[in-house]
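Engineer: These are the residues of each chain, in order.
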Amino acid sequence: MIHDLWLVPAFPLLGAAILMISAGRLPSRAVALVGVVPVAVSAIVSAIIGIGFMAAPPSGHAFTEILWRWIAIGGFRPAVGLYLDPLSLVMMLVVTIVGFLILLYSTEFMAGDEGYSRFFAYMNLFVSAMLVLLLASNLLFLYVGWEGVGLCSYLLIGFWYQDAANGLAARKAFIVTRIGDTGLMIGLFVLFTHLGTLDIQPLLHRAASVWPHGSAIASLATALLLIGALGKSAQIPLQTWLPDAMAGPTPVSALIHAATMVTAGVYLIARMHGLYMLAPAIQMTVAAIGAATLFVAAFAALNQHDIKRILAYSTVSQIGYMFLALGVGAWTAAIFHFMAHAFFKALLFLAAGAITMRLEHHEHDIFRMGGLAKKLPVAFWSFLIGSASLAALPLVTAGFYSKEMILSETWAHGGAVPILWAAGLVTAFVTALYIFRAVFIVFFGEAKTPIVGRYGIRIVLPLAVLSVLAVIGGFVETPNGLGGVTIFSRFMGSVFGPAPLAAGATETALLVFASLVSLSGVGLAWLLYMRPAPRFAAWTQTPSVVAWRAFFLSGWGFDVVYDRLVVRPFLYVVRINRHDAIDDVYTGIAEASRGLHRLLKLTQTGRIRWYAGWLAAGSILTIAVAVIR
Amino acid sequence: MMLVWLILIPLLGGLLAWPAARLRAAAARWVSLIAMALDLLVLLLVWLRHAGPIEITGGGRWIAMFDAPWIPQLGISLRLGLDGLSLLLILLTIGLGFVSVVISWTEIGERVGAFHFNLLWTIAGTIGVFLALDLFLFFFAWEIMLVPMYFLIALWGHENRIYAAIKFFLFTQGSGLLMLLAILALVFVHQRTTGTLTFDYFRLLGTRMSPSTEMWIMLGFFIAFIVKLPAVPFHTWLPDAHTEAPTAGSVILAGIMLKTGAYGLLRFVVPLFPLAAIRFAPIAMLLGVIGIIYGALLAFGQNDLKRLVAYSSVSHLGFVLLGVFAWNALALQGAVMQMLAHGVSTGALFIMVGALQERLHTRDMRLMGGLWANMPKLSAIGMFFAIASLGLPGLGNFIGEFLILIGTFRVYPAFAVVGTLGVIAAAAYALILVQRAFHGPPRDAVAAPDLRARHLAVMAALTVAIVYLGVYPQPVFDMASGGLANLQTATHGVLKLAEGDPR
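Taken in order, these protein sequences are the chains called A and B. For the first sequence, counting from 1, position 547 maps to 547 in the numbering used here; every step adds exactly one. Here the numbering used here runs 629 ahead of the position in the second sequence, where the first position is 1.
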């Protein structure tokens, strides 16, 4: 079965092709079928391959399949090939299963939209490209998936194309991520020029044997790859596109801008972790950027009104945790958190979609919701479970175990690292605060917007399954004090090496401490938003607090700075040279010769006396010149 | 003799098409179509019959060769040669020739016979350029290619066609004159050292001359070719010519004729003057990089859809200039791929603009927007080629650009890095095109029928071509490598074609 690996990305591609060629002529039932079935089949094939892989791992715990020779020029021979190891297997399973659930949900959520067929075409194309990204055995082929998901993200953010604002958000997403992508591309140039291959596994081996630990060239290459990862995964300084990307339909946000595509940067670094271990300075930069991002984005999330923007900033922040983990060498923890996050964040987005689709005018502002717990129990319970997992409520949520693993390994990393750990811990508190702020405002208090419609099974089922996953997904890896399950880290062992052993007593202390931090975040949210004290309301209206809130609301003002530093200068240069200054030179030559022509034409009067006069004057002048010299 | 037929068929087809239009307009169109089909057949026959290329002493390996005396007193002969490089470019020429005839079916209603005469003759001239291995013959073909194109623009163009046609004519004739002077200089220098007067490419290779003479003559050729390419600062004829030309004219111009400039650089400039080319390479590559960025910035600023596409060509051909002077296997293969992919994708974009103009009677994007609602097929196809043009992996343009940049990186990393930044600017102009034309709120004024079967068929063929180039490009590389090896042979070992492997 493992030899049929190529089927996994091929099915969604086929689905996309059918939908595109049919160009909207299929009836909507057929579209839904063609839209969902390929991904469902991919998920089943992935599951079978996964079970086979775990039952009888291929030699070396990895499987490579070359599909065809893509380019062969001299020593440059990238192939179209797939590579399956525990890392890509886990990601493949998550992408296909979560993808299937979100597509199923979409068949109902998007019903009646005039772009129904287009939506499923793009979504299938996305899943296929994402799978290529994960499974590619070669960096150039990986880049195909990398740009492919970027394209689908662009197409789906701007899905409702008639609103120009959506188009702007889509272009912003594409161009900002492409700035990162050029970093990645130059990184490929460096890697190939110095190592002579882009096949990932040979490349990693060669790097380890050729480049000394901490060498400049390794730092350069990893720094360039990091730029690519920052763009795709919306980390500082390239994070600004993700909140605006919420202009797309909610299932898109769930699949692309929460569960899968935005974690591509995490995957890239994890995949290339052998290189990063050669460049400790850059690896530390990864951790620092992750810590800064998770902190900055959490405060931004705390001040949003739009339910999807809260979740968007939350995504930026949670990917910050993954970067932090990568930066301290907690590779397995990063991937574990990726998995847990995919479950609970997809759940949160789908629940948010389930709320807004039932509100009049698809209301997104949490302050115009309220009291929905009784009216929309399905959405309430799903959102609550997702929030609990995001806030890492102890023992019963997946988010608890994955975040716990990151924090304890960050602590264990030692050195200058306590500040990184502290950032992670403070943000865990803020995370609980901001998400339960949303929970209390949206679901409790008095109702403000009327409810319409009802849910079908295709909405409820994905929510239910993801709710279960958001709870049990963490039980594959638990700390020593809580059973000490190590299924996940043992499975990942062949990729990342054995997991470090945490000191027992400290670990338990940290565990208790972190649990208390999460719970106190929820508690504070309850105090502030369920029992609003008048003094708190007055405090939020004081001028300095209002200014800070506006600052956080805008995402710490990054957009304004980029607008001044990049966008406006670019537009200015374009505007002043719209008519191509170089052409003026040629027009000038043409004008000058035409002017000369007009001037000379004046002398052609037809009067013999004038001609004779000119002749005489010329002769005198010539003689004069000759005499004087 | 088969090679002669490659040129003769379109010439005769043109002569036949003109009177045929007197019977029925459609007759001229069918004659042209059949001429193209016959030409393609001949090309395939040559290709198949000469599976094993023929060896020429000191001249490399050629698929086919033709030689007959023409003006023996002056050492001028009808020397034609086909290798992998010229075969690919002629294939592109014939393919886009087909496309041009098909898309002009309804667009051209006046003087149909004369139109097809000019179209076929300019195609014949282009094929001649790609085949000629005698410098005088090359110049002759160069002129045959340009004059009918002047008429295509001047007679069947849009509002400002006379201005554009004259500008096109002045630039290309001016540079053609420079090339003629350079050819004569080379021939006389060669005569002085060897005593024989000849225009034969193979004999002129390796002509001994002083470094400064070599540089001056090289510059004559170089400028003539980069005007055609076009490279900044000689590009300004192109936006006007493209914008005012009828759709078929734009397709031929962008798709094929610009490549004659790149072909000239590859076939003549570097092999004839290898030492001067090495010394001059940094400046040439600088011009290439400037072209990439400058063209992209201007493309972003345009309101006229056709001008936008035209400036994007300046940007894309900047990559080709970069690749040619990086002169290693990766960059050169990339340059060839970029030529083919640009021909297909830009050709398709011009067809899209032409179809829009036919329906909306405007090319101004300020009057468009929301076209997707009324013309989903046209919009989807337009978006596809805009995305191909910004270099999406999996499509041909990406392969070309990536290979050029990775090849350039090993010789001049700084140029490669700046060139890579041009890829960001490409995203900006390609996406603004999509936004301003196809997305946004639909306007009532732009209700018009979608693409019909004939255009859809053409676009489908071009789509298949660009996907093929992106997904399975190896046959193209295999074909081109023979031609590129010939170029290296032609430098008489002065330039080693670096292998892809660094070690």
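FYI, nobody ran anything at the bench for these hints, they're computed from the structure. A few of these clues could be false.
As the list claims (entries may be wrong) - Negatives, chain B to chain A, calculated, CB over 12 angstroms:
| id | residue |
| --- | --- |
| 1 | L673 |
| 2 | L806 |
| 3 | L826 |
| 4 | F831 |
| 5 | P840 |
| 6 | L848 |
| 7 | L904 |
| 8 | I912 |
| 9 | A1002 |
| 10 | Y1058 |
Said to hold, decoys possible - So, partial list: chain A residues that the calculated Cβ filter (under 8 angstroms) puts toward chain B:
| id | residue |
| --- | --- |
| 11 | A55 |
| 12 | I71 |
| 13 | V144 |
| 14 | F189 |
| 15 | F192 |
| 16 | V566 |
| 17 | R568 |
| 18 | Y572 |
| 19 | V573 |
Owing to the predicted nature of the structure, the values given are computational and were not obtained by experimental measurement. We treat Cβ as the ideally placed atom computed from N, Cα and C, and that holds for glycine.
Engineer: For each hint given before, does the structure comply? Return the numbers of the non-compliant ones in rising order.
Structural biologist: Per hint list: 9, 10, 11, 16, 17, 18 violated.
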